[in-house]
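Asks: Which chain is which? The protein sequence lines are W and Z, in order.
Using the working numbering, read the first sequence as starting at 1 and increasing by one per residue.
Using the working numbering, read the second sequence as starting at 1001 and increasing by one per residue.
Partner residues aside, some chain Z positions facing chain W, computed with beta carbon under 7 Å:
1) Leu-1309
2) Ala-1358
3) Leu-1368
4) Gly-1430
5) Asp-1449
Hints were generated in silico from the structure; no laboratory data involved.
Note that beta-carbon positions come from the ideal geometry of N, C-alpha and C, so glycine has one too.
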Amino acid sequence: MTVLQKLRESIGAIDGSLQKLKIAYSGFESGFPQGGIVEVIGTGKTEFVAKFLSEHEEEKAAWIEAELSVNPCALSQKGVALGNVLFMRAQRESIWTVREVLQSQVFSIVVTSFVEFPENDLRRMQILAERSKVNLFILSQEFHHSFVPQLQLQVSRDQQTGRLEWKIKKQRGSW
Amino acid sequence: MIYCFYIPRIAQVDLRKVAEAFYGLTMDLLLRDSEALFVDLSKSQNLLTEIRFLSLADEIFKSYGMSYRWRGAIDTPTALALAKYETFEKEELPLESLVLFGTPLRKDPLLEKKILGMVNVLQQLGLRTLGDFQELRPQELSSRFGALALGIYDCVKKGFSQPWPVYFPEEQVTHKITEKIDIFGEFQIHNLEPITFVLKTLVDRILLKLKLRGKTPKIFEIVFHQEKLSVVRSPRWSLRFDLALGLISGKVLLGQIRERVEHELQRRPLESLIESVEFSVLEVAPYQEAQRNIFDPHREEKAESTWSLVNRLRLKLGTENVFQALLNPAYLPEENWHRINLGNFEQNPSKEPGKKEAQILPDRPTRLLPKPQRISMRDQKIVSLEKSSNTVGNLGPLTILKIFEKEIILNQWWNECSERVYLKVQTQEGPLLWVFQSDQGLFLHGYFD
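Next comes chain W alone, as it looks inside the complex (with noise of 0.2 Å):
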């Protein structure tokens, strides 16, 4: 762990501003940071989030990407109760739609890819996040160098049981 990072954990634990509630997940024991920014990144990421949402069904959920891939028939099969999802296809207006979802307080898991968040969108999605109390889940290709997401998981597939296994890469605070 670099020292910055070590540093930054430090104030996060002194100020306690870090101390959140947890969303509880089979999948994931230390559960995950309620309104904060998780970044999911591997094979079965799509797979783990969906479950996280199975395990939430009650609770509405955004998905949003510039060209939805997603399979809803997949998501059911996990158990997502597709009437408490909203898919947005936003094309260039990635940034545009995460904002505004997060902002309605409407949503309280919001699901998106993306290939590159310039890190002033991050921290503003951050602080939305935060003060809308929604998780929001970044599937990415490889993880962002940025301090904002508070967890960053490597999710990866077992080839012989086909299990999802995770990793993490990074923990920010205590939570």
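Use these hints to put chain Z onto chain W, whose structure you have.
Replies: Same frame as chain W, now just chain Z:
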């Protein structure tokens, strides 16, 4: 006797207005979208003779400037088919008229596609008319085409006996304010406040009127009647609103109207002064404000916020890009679901249609490519054969570790029967792919992400 008035071309006038005119003659009416109007005179034959009725009907259609074709028959689909194809004998109807026997009361694109598939097959077997179809035995039809064909056969042979839904003329609430509004500055629109001021009065008036009747507007139209000058191409400037979700408060509605009018005025500017503003409610939905929900007093506020957000998203991204998904009981993976406009966000998740069928299916990949990508598998490598892509996520050629879980999916018979053999392919680089082999080659259809 059932009379069918078939409109061959899409008319400028709404067919519902014509139906209202017929309502004075008889209450047994049926509208088939904007294509046909059915009138059943069996209960009014002592009041009107056929000749008198037809002359009245002709006058009504002429007054609306609509051309039409009419035929009479003992049942609805026969009258419709005879009017549409301009014949007098049922046996001479072409085989395509089976679509009308399958969907007589309203159009159903999915069902029509299936019936047309059946018609294509029958035509290949040498059948041409409804008379040829009637000579077939029902056992032959059921084995090839199933229950759908049997239902249509019964309808053709024995007649259609399903009662019509009760017709009620639609209530249209219109309010108009005649007031000259000049929103132009020196050379461009400078201020929309006068319009908003007038619209507020109209919105409040109409919402109050509807609320007292236990209704809420669902589809409405705002019209600006402009001053008719020689340079003005179209003095009637209109904007239609379709509220996907129920709406309660006038304040939110006015905000959304203002936003949309502003956006639309930039696209289609006004050409002269506004002489009058008209607000017409075209369709209403039931709404009871008898008592607030005391267990969830914020429910209405949440509904308003949701509607407001969805409207903004639709305005920016396009209506077709903001949707919910509904599962279809179809064979092909790309047809397993379709988009729907906003449904009720309060749905009970366990009652989602198609959910049980989805659980029975083998695992489907979480990501489906919009179009299957042609690939080749050679020397334990998967390579894309399409110039624009490199298989999954720009990973380039992938190394195959193992191939397993074969699944055969047959296409629906009305969509050119074909077979796809699906396989899961585990790659060394990580992605688990879903490929299929068909008579057209090897394709990558999706991946388990």
